[in-house]
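**Student:** Take these sequences, add in the hints, and give me the full structure.
Line order of the protein sequences matches chains E and S.
Each residue of the first sequence is one higher than the last, beginning at 1 in the working numbering.
Each residue of the second sequence is one higher than the last, beginning at 1 in the working numbering.
Since the hints were derived computationally from the structure, they do not count as laboratory data.
Treat the hints with caution; some may be incorrect.
Chain copies aren't distinguished; within one or between two, either way the pair holds.
[Claimed, not checked] With a straight-line Cα cutoff of 25 Å, these simulated PhoX-like cross-link-like pairs (lysine-lysine) come out: (1) 585 x 605; (2) 262 x 585; (3) 605 x 449; (4) 449 x 167; (5) 449 x 561; (6) 525 x 36; (7) 262 x 40; (8) 113 x 199; (9) 262 x 561.
Protein chains: 2
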Amino acid sequence: MNANDAITRDAAGHDGMTRETRQVGRSLGRLEARSKVTGKAEYIHNLVLPRMLHAKILRSPVAHAHLRGIDTSAARAMPGVHAVITSEDVLRIIPEPYFGPAFHDQPILAIGKVHYVGEPVAVVLADDPHVAEEALHLIVVDYDELPAVFDEVEAWSPDVVVHDRLKPAGTFPDLKHLEGRTQTNVALDFRVRKGDVAKAFAEADHVFEHTFRTQQVMHTPLEPMISVAEPFDDAITLHTASQSPSFVRIEIARLLGWPENKVRVRTGILGGGFGAKLYIKLEALAAALALLVRRPVRVALTMEEQFFTITKHATTFRMKTAVTREGQITGRECEVWWNGGAVADIGPRVTQKSGFTATGPYEIDNVSIDSYAVYTNLPPAGAFRGFGIPQMVWAYESQADMIARALKMDPVAFRRKNLLREGRAHPTGTIMHDAALTLCLDRIADRMKWDAPFDRGTPKLRRGRGIGIGFKACVAPTTSVAIVNLSADGSCIVYSSTVDMGQGSDTAIAMMAGDVLGIPAETIKVIHPDTDVTPYDMATLGSRSTFHMGHAVRLAAEDAKANLEALALQVGLPATATAAQVLPKKYGMQAGNIVGVGSYIPTYKSPDHDTGQSENITPNWMVGACGVEIEVDTETGQLKVIRFENVVDCGTAINPLVVDTQISGAAIMQLGSALLEDMEFDAQGQLRNASFSEYKIPGIHDIPNVIGREIADAYQSNGPFGAKGVGESATFGVASAIAEAIEDAVGVRLTSLPLRPEAVYRAMAAARNEPLPDEE
Amino acid sequence: MNANDAITRDAAGHDGMTRETRQVGRSLGRLEARSKVTGKAEYIHNLVLPRMLHAKILRSPVAHAHLRGIDTSAARAMPGVHAVITSEDVLRIIPEPYFGPAFHDQPILAIGKVHYVGEPVAVVLADDPHVAEEALHLIVVDYDELPAVFDEVEAWSPDVVVHDRLKPAGTFPDLKHLEGRTQTNVALDFRVRKGDVAKAFAEADHVFEHTFRTQQVMHTPLEPMISVAEPFDDAITLHTASQSPSFVRIEIARLLGWPENKVRVRTGILGGGFGAKLYIKLEALAAALALLVRRPVRVALTMEEQFFTITKHATTFRMKTAVTREGQITGRECEVWWNGGAVADIGPRVTQKSGFTATGPYEIDNVSIDSYAVYTNLPPAGAFRGFGIPQMVWAYESQADMIARALKMDPVAFRRKNLLREGRAHPTGTIMHDAALTLCLDRIADRMKWDAPFDRGTPKLRRGRGIGIGFKACVAPTTSVAIVNLSADGSCIVYSSTVDMGQGSDTAIAMMAGDVLGIPAETIKVIHPDTDVTPYDMATLGSRSTFHMGHAVRLAAEDAKANLEALALQVGLPATATAAQVLPKKYGMQAGNIVGVGSYIPTYKSPDHDTGQSENITPNWMVGACGVEIEVDTETGQLKVIRFENVVDCGTAINPLVVDTQISGAAIMQLGSALLEDMEFDAQGQLRNASFSEYKIPGIHDIPNVIGREIADAYQSNGPFGAKGVGESATFGVASAIAEAIEDAVGVRLTSLPLRPEAVYRAMAAARNEPLPDEE
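**Tutor:** Laid out in structure tokens, this is it:
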């Protein structure tokens, strides 16, 4: 095992490898595609275990209340009901049944209080899921309602406190400053300081201050969440649609007080994740239920239940920017409130990791960032494709455009002037390397024909255009381990805990291993995550897999290759001999294995909590730029994206075909957040549209006719094969580009998402001082 | 990866390991015991897959015939029948559907001919196994009967030839001399030559010549054979009760023309194996069926069907020995005929590997051994606990006793005089090391109080006693690979393809890994064989696992330990730091793995075919000595073993508790072969007792009241922790000791197994020149 942080372009040049054996850079269909279309791909939803019970969850109907009592007798008496479980039962086997990646604040079932509508209160177990569901109606819960708080800014100065006590997870290093703090809704207040912001504002030619808001939305993976727990004598197996099997193992082991090797966590193919299936979700409940009844238990959510399980943070972002009359940004103050809902989940880390980029991809001498993770009485928010960056970009790119317009500068020129360049320092002190910001901006402008005449449409259907650019630091510091095993016929198996949830990771892993070993990716088998089988990986999140697991796979393959070469020489064969030549010679028959192990962690630092400063805050920056042309109906506010261009810097594209679909997929998903999706809560915290008949995600008719995408000609010097991640980059600039295009088309500026026709209509009416229909 | 053949006693001394952390030498209950008694251990018989079809096999009712035609129309038409499969179907997907470890002579289903009663001819597939069984009766097969041969000596000079053409497997190195030979029933004729046997006989004071025979018996694992094949798009998984998953993978891959990594073979816990489940049995049929119908297929044998699937070789052993009047053996000529039945299976290797020990554990200057693997029209014979050694020992120890009696020497003294001693050469040229022959003989004599007065019973119930000693070379050369993985909490998983079939290998593996790593065996998880998960191992056979897999596990654990130490130093911790200290420090959280890999193959040679000579024929010799006291009813011939003593040399006992049960288990199993079991064929090759109502294995009332067992105080210098295997050693001396005791009690000598009361009675009657009842 070894790790190597710095690989030069030459080192990745693969001496002696012919064009035929190069795998990286091929456009290769997903290796699992056939199994998916023939219905043979393994999804946990299809798993049936003997004696398996189905769990259905009774959820809180109120946002904040003391639990006075739960009467389960009628439900227990219902024919077909195997058991009814409350926290009282759970506490018999798990004394501290609270879990979570940043805070141990999520009870397996509500204990004493409920904190949001939809919080799990009790579970019915039955052989028939319909019986379990019916019996839920027979459980009587006595709630003593409490005042609730829903707005993130309001919750920041609390009248209502969601949790009596903060419970930071011991292993979350960034939360030390919370020690001793109990009565607050602020789970994390992270800051970055550079220069003297007050002075910058005082000396500025112009100061702009705006507030931007984003709404709470849901991940909507097409495969809803599911965990099946299978108990053994002194062990447990979790079959779960999880993006982070290694984390689930560790967290379940912690809850049970067991060693890791008594907890087995395995995943199948995932039908989408987008962050919803990260860290620990249903697994703790499934494990507790299975251990209580000593039978396999299946906890499967409906699509609707996911709205109450994990969401994307709503945010409020106050941004104040000092600018010279020439358009140079000289200072920026950012305050961001992240609405985490009632459970921290990974929100504090989102608050930090995205918070430190709040000033955008711009070189600014004076910076102040305050980023607050705030508890409210809403359903939990956590990681969502982009990990908070789409919210940040929405704000800083909206303002960039507003400033450019105010200064009568071309918005592309304004950005180009301020962009961070190679070798310059980010506000955290980190020197920028291999972030192709200027290239991506240039390429998007070129694709949009930015400097050419633009058709502005008709008085009824007005046209406008906009661009946006954002960047994201790769999550740090995280670890990946991979193992490569060659059989005596030369065939290869790769062991990796990266979860293929549609992003094509199996294929990328096979390509990277095959590239090192000189064998076609199609012949390589990639074993799916199973903590009894595949080694540790932090998680499949944040576009980290190509970079981190890519390195681990590369190192494992290189280790295998070195072991093969050593054995070849030992048995008197040339160093270039294949496993199919070496192993039979060594062992006298088709026998044995060549095993290679790769462990990777990049050498960089988390930012210091108090200043946000660090010399080396991330191993790489991912860049995405977006350009849109839209058409707005001036009578109705209806808007249509007619051209949708996205350019990303992902370094080398391991598999250009899959990168292409990642660009489109990410951009379209963000189109949903920008234009359509919104979890609508009433004043009591009741979600009014928790179903797809009322909650609209992009359908085929919402997709722009013209979708262009481009992989910037870039190279990540320290990446495996020059690569870095790409799963999120095309989400970054979408929303602000559309808001910019709306202003470009009809002269109104929206600062809250989503950018719905009624908002456009209202803004246009307000600009014309017209009364709105409902105000007449 | 590295291999180390020579470990000194000191090197295994584990500097710095305290008594508390030493694992080797503990008497530890099997780790899986609880899961077995609670019914939770995984047996393949319990596996239910969605859409799984049940296969039932139509078997040949005749011993040798041309197949004129098969009419499956009525069976196909039966309601509930999914398909009826014959070789015609198989040939569509597998052009050469013949398999086997030594010869590719076993068709998946009979092609053109049948060669023994019970040979699979056709298969019915149905959702309901009873429907499949019923439908078998509707298949009409037209047989054109041929003359058959059943006796191994008769088949050696053939009038009837079983196979038209010999088909040695390309990878079986010992069969090169068969090239070009076709029309013979001799699959292998292996020889050893040393000195001048003719001269020895000419110059001898005494020459003894006898012929000994053993019968065909069955392994009778309490879990009958089962294989379930699960087809995927371009891959297949075999869930199978196999002792050799790595071999099955390679052989299925060869049959299908696929790479190894498209074939996954996994086993559960086995309910006994004893050699019956070795190499490839039902797997090829299950795979072909599943690929033909594209559904999972379960092939599960009844207990009765196993009689027609694999058995223990019947043998005829002609032995001629030259002796001085002082009792020194000066020459020995052995001719052994192994009745392999109609399929070679691993018979040729049994013929060779046991054949070269046919002269026994004695130092003899002039030796000639001829050992013949012979085809007959009986059900196949293969590996059976002891791998042919019990048959050899039966003969050479019977004759040893007969010679001692003729010379009026004490049989212990006769053996002691001739035994091979440390540093002396075996007839193959191999120098004896660490074979505690004299020690085991001394210990068995001591336990039997050999020199004390012995109660000879009454005229009706006469008492006698006997001893026997045998040895076995460990199968050579073979490979084992193991992987050890430490998690960041220090918990440990070991990956090994050794199959735990009741012999306690999981526990031994955990103890050996734990010993190196200094952690209790009970905390270590041993992953069961799965070729997608666990690395290569030749097979679980021939008592090789403790030695070979023991070394691989030791090397893997040492590799992990070295990697851990290196990482500890890298992160500034002492070299003695634990994984739970080092990994969190390295990775900043509970993350990562320490992986160690161990590959082992001992450095020794297969004997040269033409002379049998080799300087280094085996990495170790396993020794077993047996002593019995019996009581014979002189009126009926009924005999009862009243004292049963067994001493083995297994070097260090890794787990004395389990070694103890292995000694008893092996000895009692051989008691069945010696006294009770016999597959009785009629003149047409029909088995008359293929059921446990008629085929008797030892029951509780057959077990001697006094069973003593002893682990000799020995040490295997090149073994892992000083250990070697023990699963077979106590089978060696049982049968001859009983025959010796019979002569000691009632003065008659039996030279054929089993030693049934009627045989004793007949021999006594013959000795008294009395007519037998059926002769009256």
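**Student:** Indicate, hint by hint, whether the structure satisfies it.
**Tutor:** Now for the hints, and whether the structure bears them out:
1. 585 x 605: between (47 Å within a copy, 14 Å between copies)
2. 262 x 585: Classified as between; 23 Å across copies, 39 Å inside a copy.
3. 605 x 449: The answer is neither: 40 Å in one copy and 76 Å across copies each exceed 25 Å.
4. 449 x 167: The answer is neither: 53 Å in one copy and 73 Å across copies each exceed 25 Å.
5. 449 x 561: neither (48 Å within a copy, 61 Å between copies)
6. 525 x 36: within (16 Å within a copy, 33 Å between copies)
7. 262 x 40: between (29 Å within a copy, 15 Å between copies)
8. 113 x 199: For residue 113 and residue 199, the Cα distance exceeds 25 Å both inside one copy (48 Å) and across copies (99 Å).
9. 262 x 561: between (33 Å within a copy, 21 Å between copies)
Checked against the numbered hints above, the structure breaks hints 3, 4, 5 and 8 and satisfies the rest.
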